[in-house]
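Engineer: Sequence:
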Amino acid sequence: MEVDVLIYINTLKNFFDKDQQAYEDMFGTLTINKDIFFKKIIKIANKNYKENGEAILSTEQIYEVVDELLGKKLSQKEEETKLHPSFKKILKDFPPFSLN
3 MEVDVLIYIN
13 TLKNFFDKDQ
23 QAYEDMFGTL
33 TINKDIFFKK
43 IIKIANKNYK
53 ENGEAILSTE
63 QIYEVVDELL
73 GKKLSQKEEE
83 TKLHPSFKKI
93 LKDFPPFSLN
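Number 102 marks the last residue of the sequence shown (the working numbering); no jumps.
Note that these hints are calculated values from the structure, not bench results.
In this text the structure is predicted, and so the values were computed from the model without any measurement.
One should not assume that every hint holds.
Beta-carbon label-pair distances, calculated as ranges [unchecked claim]:
hint, residue 1, residue 2, range
1, E26, S88, 18 to 28 angstroms
2, E4, D37, 16 to 26 angstroms
3, E62, T13, 25 to 35 angstroms
4, V5, L93, 27 to 37 angstroms
5, F96, D6, 30 to 40 angstroms
6, Q63, Y25, 31 to 41 angstroms
7, G55, T33, 15 to 25 angstroms
8, N35, I58, 14 to 24 angstroms
9, S88, I58, 10 to 20 angstroms
10, Q22, G55, 29 to 39 angstroms
11, G55, P97, 28 to 38 angstroms
12, D19, L72, 26 to 36 angstroms
Beta carbons: idealized from backbone N, C-alpha and C, even for Gly.
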């Protein structure tokens, strides 16, 4: 594993370990297997690093992993096409989020 990927993963792990509110914001009240989550994140981070030289995942990439782990879609692809590119519909019953 590349050093940049390792630094990114360790930073992300520390962030979720220290900030319980961020963890709840990401996963809600559901319990997920952190080992599986981070294995998927590592796989995508390695791919990003090889393709772009940057290990950091985009918001969309992280939500795809979360969607997969929770077994449901948190975003609607049809609604995304109608929104301005700086906004993204992530949660069904909430307004779009600004990606700025």
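Engineer: It remains to establish, for every hint, whether it holds in the given structure.
Structural biologist: Hints, one by one, checked against the model:
The given range of 18 to 28 angstroms is respected by E26 and S88, whose C-beta atoms sit roughly 26 angstroms from each other. For E4 paired with D37, a C-beta distance near 20 angstroms keeps the hint of 16 to 26 angstroms intact. The supplied range of 25 to 35 angstroms is broken by E62 and T13, whose beta-carbon atoms lie about 20 angstroms from each other. Under the hint 27 to 37 angstroms, the C-beta atoms of V5 and L93, about 35 angstroms apart, fit the expected range.
Evaluation of the 30 to 40 angstroms hint for F96 and D6 yields a pass: the beta carbon distance comes to about 33 angstroms. A hinted range of 31 to 41 angstroms for the beta carbons of Q63 and Y25 is inconsistent with their spacing of about 18 angstroms. Evaluation of the 15 to 25 angstroms hint for G55 and T33 yields a failure: the beta carbon distance comes to about 35 angstroms. Range check, N35 to I58: about 22 angstroms between beta-carbon atoms, so the 14 to 24 angstroms window is met.
The given range of 10 to 20 angstroms is respected by S88 and I58, whose C-beta atoms sit roughly 18 angstroms from each other. As the Cβ distance of Q22 to G55 is approximately 33 angstroms, the hint placing it in 29 to 39 angstroms holds. Between G55 and P97 the beta carbons are some 34 angstroms apart, a value that agrees with the proposed interval 28 to 38 angstroms. In this structure, D19 and L72 break the distance hint of 26 to 36 angstroms, their C-beta atoms being roughly 20 angstroms apart.
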